[in-house]
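Engineer: Here our numbering is used: the sequence shown runs in plain steps of one and ends on residue 99.
One or more hints might be untrue.
[Stated by the list, open to error] Taking lysine to aspartate or glutamate and the DMTMM-like style, the derived pairs with C-alpha atoms no more than 20 Å apart in a straight line are: (1) K54 x E41; (2) K78 x E41; (3) K31 x D90; (4) K77 x D43; (5) K78 x D33; (6) K78 x D43; (7) K95 x D21; (8) K40 x D89; (9) K31 x D43; (10) K69 x E92; (11) K95 x D50; (12) K69 x D43; (13) K69 x D21; (14) K64 x E92; (15) K77 x D21; (16) K40 x E67; (17) K52 x E92; (18) K69 x D90.
[Unchecked claim] Derived Cβ-Cβ restraints for the label pairs, each shown as a range: (19) E41 x K78: 16 to 26 Å; (20) N99 x Y62: 28 to 38 Å; (21) N28 x T75: 17 to 27 Å; (22) G66 x S88: 27 to 37 Å; (23) K78 x G42: 28 to 38 Å; (24) A57 x T24: 16 to 26 Å; (25) K95 x K40: 29 to 39 Å; (26) D43 x N99: 28 to 38 Å; (27) N58 x A29: 18 to 28 Å.
Just so you know, the hints here were simulated from the structure itself, not pulled from any lab data.
Yeah, the Cβ is synthetic: ideal placement off N, Cα and C, and Gly gets one too.
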Amino acid sequence: MKSGKENNETFEIKNASDGNDRWTLYPNASKGDFSMIFHKEGDYTYAVMDLKGKVIANGRSYFKQGEIKNISLNTLKKGIYLIRISSSDDHEIKKRIVN
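Using the sequences provided together with the hints, build the complete structure.
Structural biologist: This is how it looks when you write it as structure tokens:
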């Protein structure tokens, strides 16, 4: 697990094996098409950012437990991107590779 600061906000990058995930993101790596499965029902916001913190895509929706959200980022340049999911009481950031 890595920690860091961005704009005075502390964040963590968790590995899929942490076991505390409210959502799963797969695959890693890909050509830019990712899927998220939500393990807990709730209102979530998501943002896809480059490593400089620039938001490339974002959205907000209510997801049911087990619901899948597909994200197509196949127009992005090859590289590493951060995907942040937030709920009313928590947030997680995961990194993904577009190749």
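Engineer: A separate judgement is required for each hint: does it hold in the structure or not?
Structural biologist: Right, here's what the structure says about each hint:
no. : hint                  : verdict
1   : K54 x E41             : 28 Å, violated
2   : K78 x E41             : 32 Å, violated
3   : K31 x D90             : 29 Å, violated
4   : K77 x D43             : 30 Å, violated
5   : K78 x D33             : 12 Å, holds
6   : K78 x D43             : 30 Å, violated
7   : K95 x D21             : 14 Å, holds
8   : K40 x D89             : 12 Å, holds
9   : K31 x D43             : 28 Å, violated
10  : K69 x E92             : 16 Å, holds
11  : K95 x D50             : 10 Å, holds
12  : K69 x D43             : 13 Å, holds
13  : K69 x D21             : 16 Å, holds
14  : K64 x E92             : 18 Å, holds
15  : K77 x D21             : 27 Å, violated
16  : K40 x E67             : 9 Å, holds
17  : K52 x E92             : 17 Å, holds
18  : K69 x D90             : 19 Å, holds
19  : E41 x K78: 16 to 26 Å : 35 Å, violated
20  : N99 x Y62: 28 to 38 Å : 32 Å, holds
21  : N28 x T75: 17 to 27 Å : 18 Å, holds
22  : G66 x S88: 27 to 37 Å : 20 Å, violated
23  : K78 x G42: 28 to 38 Å : 33 Å, holds
24  : A57 x T24: 16 to 26 Å : 19 Å, holds
25  : K95 x K40: 29 to 39 Å : 21 Å, violated
26  : D43 x N99: 28 to 38 Å : 32 Å, holds
27  : N58 x A29: 18 to 28 Å : 22 Å, holds
Checked against the numbered hints given earlier, this structure breaks hints 1, 2, 3, 4, 6, 9, 15, 19, 22 and 25; the rest are met.
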